[in-house]
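Protein sequence lines correspond, in order, to chains A and B. All residue numbers for the first sequence refer to our numbering, where the first residue is 1 and numbers rise by one. All residue numbers for the second sequence refer to our numbering, where the first residue is 1 and numbers rise by one.
Rather than coming from a laboratory, the hints here were simulated on the basis of the structure. The beta carbon of each residue, even a glycine, is placed where N, CA and C say it ideally should be. Careful, some of the hints might be misleading.
Which residues of chain A face chain B? A few of them, derived with a C-beta cut under 7 angstroms, are [said to hold, decoys possible]:
1) V101
2) W144
3) A162
4) N216
5) S246
6) A328
7) S330
To list a few chain B residues with every Cβ distance to chain A over 12 angstroms, as calculated [claimed, not checked]:
8) R7
9) G59
10) V67
11) G138
12) R250
13) D265
14) E282
15) D283
16) E296
17) H385
18) A387
19) G391
20) S404
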Amino acid sequence: MQPLDGLRVVEVGGTIAAGVATKRFSDFGASVVKVEPPTGAEIRRIAPFPDDRPHLDTGALHMAFDTGKRSLALDLGTPSGREVLSRLLEGADLLVAQLPVPELRALLGRVDAESGPSTVAITAHGMDGPYAERAENDLTIFGWSTRAHRHSVQGREPLRYAPNAGLVQVGNTAGMLGLVAIWGRRQDGRRRDVEVAGVEALMGNVDSSFFLWAVNGAVQPRSGGQSRRIYPMGAYPCKDGHVLFSAARAPFFPNLCRAIGYPEMGTDPRFTDPAQREEHFEEFRDRLLPWLATRNKYDIFHELQAAGVMVAPVLDASEVMVDAQSQARSSYVTLAQPGPGDEPIEFTIPGAPYRMNGLDSDAWQPGPAPRLGEQTGELLDELGYTRDEQIALFRAGVTG
Amino acid sequence: MSGEALRGLRVVELSEVWAGPFGCSLVGDLGADVIKLETYPRNSETRPLREPDPRVADGDGPVYERVNTHHHGNRNKRNIAVDVRTPEGAEVLRRLIGWADLLVESFSAGTIDRMGFGWETVHALNPRVSMVSLAGWGQEGPYDGYVMFGVGFDAMAGHASVRGYPDGTMADMIPILHSDATVPLAWIFGMVGALMERERTGEGSYLDLAQIEELSTNVPQLIAEWTLNHRLPQRLGDSDPHIVPHGCYRAGGEDAWVNIAAQDDRQWGALAGVAGHPEWAEDGHPWASAAGRVRERAAVDAAVGAYAASDDAWAIADRLQAAGVIAAPVLAPGDPLLSPQLHAREWFQAVDHPYLPNRLLGGFLWRMRPDGPAWDRRAALVGEHNAEVLGELGYGAGEIEALSAAGVIGDRYPGPA
Chain A
1 MQPLDGLRVV EVGGTIAAGV ATKRFSDFGA SVVKVEPPTG AEIRRIAPFP
51 DDRPHLDTGA LHMAFDTGKR SLALDLGTPS GREVLSRLLE GADLLVAQLP
101 VPELRALLGR VDAESGPSTV AITAHGMDGP YAERAENDLT IFGWSTRAHR
151 HSVQGREPLR YAPNAGLVQV GNTAGMLGLV AIWGRRQDGR RRDVEVAGVE
201 ALMGNVDSSF FLWAVNGAVQ PRSGGQSRRI YPMGAYPCKD GHVLFSAARA
251 PFFPNLCRAI GYPEMGTDPR FTDPAQREEH FEEFRDRLLP WLATRNKYDI
301 FHELQAAGVM VAPVLDASEV MVDAQSQARS SYVTLAQPGP GDEPIEFTIP
351 GAPYRMNGLD SDAWQPGPAP RLGEQTGELL DELGYTRDEQ IALFRAGVTG
Chain B
1 MSGEALRGLR VVELSEVWAG PFGCSLVGDL GADVIKLETY PRNSETRPLR
51 EPDPRVADGD GPVYERVNTH HHGNRNKRNI AVDVRTPEGA EVLRRLIGWA
101 DLLVESFSAG TIDRMGFGWE TVHALNPRVS MVSLAGWGQE GPYDGYVMFG
151 VGFDAMAGHA SVRGYPDGTM ADMIPILHSD ATVPLAWIFG MVGALMERER
201 TGEGSYLDLA QIEELSTNVP QLIAEWTLNH RLPQRLGDSD PHIVPHGCYR
251 AGGEDAWVNI AAQDDRQWGA LAGVAGHPEW AEDGHPWASA AGRVRERAAV
301 DAAVGAYAAS DDAWAIADRL QAAGVIAAPV LAPGDPLLSP QLHAREWFQA
351 VDHPYLPNRL LGGFLWRMRP DGPAWDRRAA LVGEHNAEVL GELGYGAGEI
401 EALSAAGVIG DRYPGPA
């Protein structure tokens, strides 16, 4: 048994955020149907692809986020397609949708207020207001959210994080709320409609600079890299790469000073008094760097963690999977993904976001991501369409 | 609060900084009864005792009640301050566990066991309670007991190595706390899953969330570049390898920036029209096709950049958006107040607080009908609900007074040295 066994979720829109929103449902046991246009969901078009050959079934985000779902290729721009969707929604617990706002309003308007599923509508700016119909993407919602500004150096352009990190966060916000809405309805019988506006979901989260500013006018200095004011904070070079410190405050700072052979520095007000420490940054750094230069990043990690210092090695994508903790916990898993040819693709994804009742639990079980329209026939069978009716839909270009 | 989807759910928070506490505020927004068990007599990381501190607002009253990082991560909960390392304080926690549906803790791995409240003990005290542990590297594995904040998980998950300016170095990399934003979304999802599991089994579940593992689920393409094509992902800045234009351009005015992207030929044609160069999108022009724009990336970026610099960022974005092009200003920390959209949606929240009076703070991550979230409880003061909560747990007034006199509970931290 998986924790979400028996739940039925319908995903509409094919965007990155919608695909992310339903992934955890699927991996933890719910039945998820991905309704996508016969031309394929947007999430299928995002690189990287194996051997850089674009294909609707082998995009990395599709293979990572559409795990275990069933794909129904359906043109919702037709009455025929909408009839199929309305049958699919009968008995569903949740509809997660992202469409252009006028289409989204129309879709939600067709959900029965009493017997229909709970809904989560994903948008950029919300369903109302002067910007409601604006199109945004990962880059622009990130700029709106105030994060890009903080993630920059004064005088240079603000930066996003890794591509699509913003949209993934929006999707996980939507997924969490969808499950809460299902739970709430079980408790009090009330159907709920949730609206997740990407800009609000990012701007309202805890790392938003707006909140800090709104409390005390704080604007973090955009000096980049190693902080001169709160140190050590940031990446420092060592023998074979870099380590990342977050060790400015007690007890971490005195612990670090002891470990590198300058115990007196840990309590010296020149380095600990907020009013003085900035002007002594170079002195501190000149003592730390030679110590780091003779050591490898993992040696520093283990030695300083044992001494009670918050530090971590900076790893690249080739290193994260062979890290000792990743290996011990099987933090990454490899799936056999059906590819365009006969041979499956060996595809590695990050594992469970949390472990439920032990590392060996079967609560989280990702299946392969579906080919476009792979389960269209199977689903139309389940929805009671005869084979002649299914051919009629196919002949009319509604299904694929 | 005023949300009711999680009404009746009882949550105990034994957690500092953001990933645990902010998640508990979200759960509070959704209607749960959340009790924050504040560390005592040691102050928490988000409650500094001394000024000056860039996190602290000017004003009267205790320094630790005026902290920006604390205030906005702690709405919609009650607060008790208890020294759980004393036998009497541990008894308070035992009673809370008997009361609760969920215990959230974010100590380094092994700490909660040494405190006498490991999962087996908690489960024995109350078989129906679930527990979420948020140690950075998880509960099991060779890094047992290691300590870090989100900036370190970001470095170790491979994210830091792809952030930053394409021409930059690792030493220039700006530390971020992305996992503090993403981890709460995951553990709340897991918590509801545990509630559903309890309906079948009658028993609570244990969630071991390693923050580094959860963070990595947000960036699966990083390892995909490596495993599919044996290539390390690079620092892209704001560019996209396959979409041109896609970037952040300097707008008119000082330190002003506008993000612009044309994801297909239609958007590109609209952009070209707005910029006064419809010929850029006409058949035969080298920039008319998506492939041509990738080929001539630098020239396209320069042309778009010249247009972006011709006016204020908001005006540029307004004109491009009116034509259906993805474009938006880049907001500095106080700039959200300039957004007509956020005002039209009544997103901002007026919040009063004894030591941070009348602030206009940010709003919620979602709307929910019929029971949307509301900021019913400002961040509580240290120990503000000691008497109320301990009373509910069965302590008499005399007992509460004795606990206070013995220093087991309290409502203030020591003043500046």
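Verification of the supplied hints:
no.: 1; hint: V101; in the structure: violated (13 angstroms)
no.: 2; hint: W144; in the structure: holds (6 angstroms)
no.: 3; hint: A162; in the structure: holds (5 angstroms)
no.: 4; hint: N216; in the structure: holds (3 angstroms)
no.: 5; hint: S246; in the structure: holds (5 angstroms)
no.: 6; hint: A328; in the structure: holds (4 angstroms)
no.: 7; hint: S330; in the structure: violated (10 angstroms)
no.: 8; hint: R7; in the structure: violated (7 angstroms)
no.: 9; hint: G59; in the structure: violated (9 angstroms)
no.: 10; hint: V67; in the structure: violated (8 angstroms)
no.: 11; hint: G138; in the structure: violated (6 angstroms)
no.: 12; hint: R250; in the structure: violated (7 angstroms)
no.: 13; hint: D265; in the structure: holds (15 angstroms)
no.: 14; hint: E282; in the structure: holds (23 angstroms)
no.: 15; hint: D283; in the structure: holds (23 angstroms)
no.: 16; hint: E296; in the structure: holds (20 angstroms)
no.: 17; hint: H385; in the structure: holds (22 angstroms)
no.: 18; hint: A387; in the structure: holds (28 angstroms)
no.: 19; hint: G391; in the structure: holds (27 angstroms)
no.: 20; hint: S404; in the structure: holds (28 angstroms)
This entry does not satisfy hints 1, 7, 8, 9, 10, 11 and 12, going by the numbered hints stated previously.
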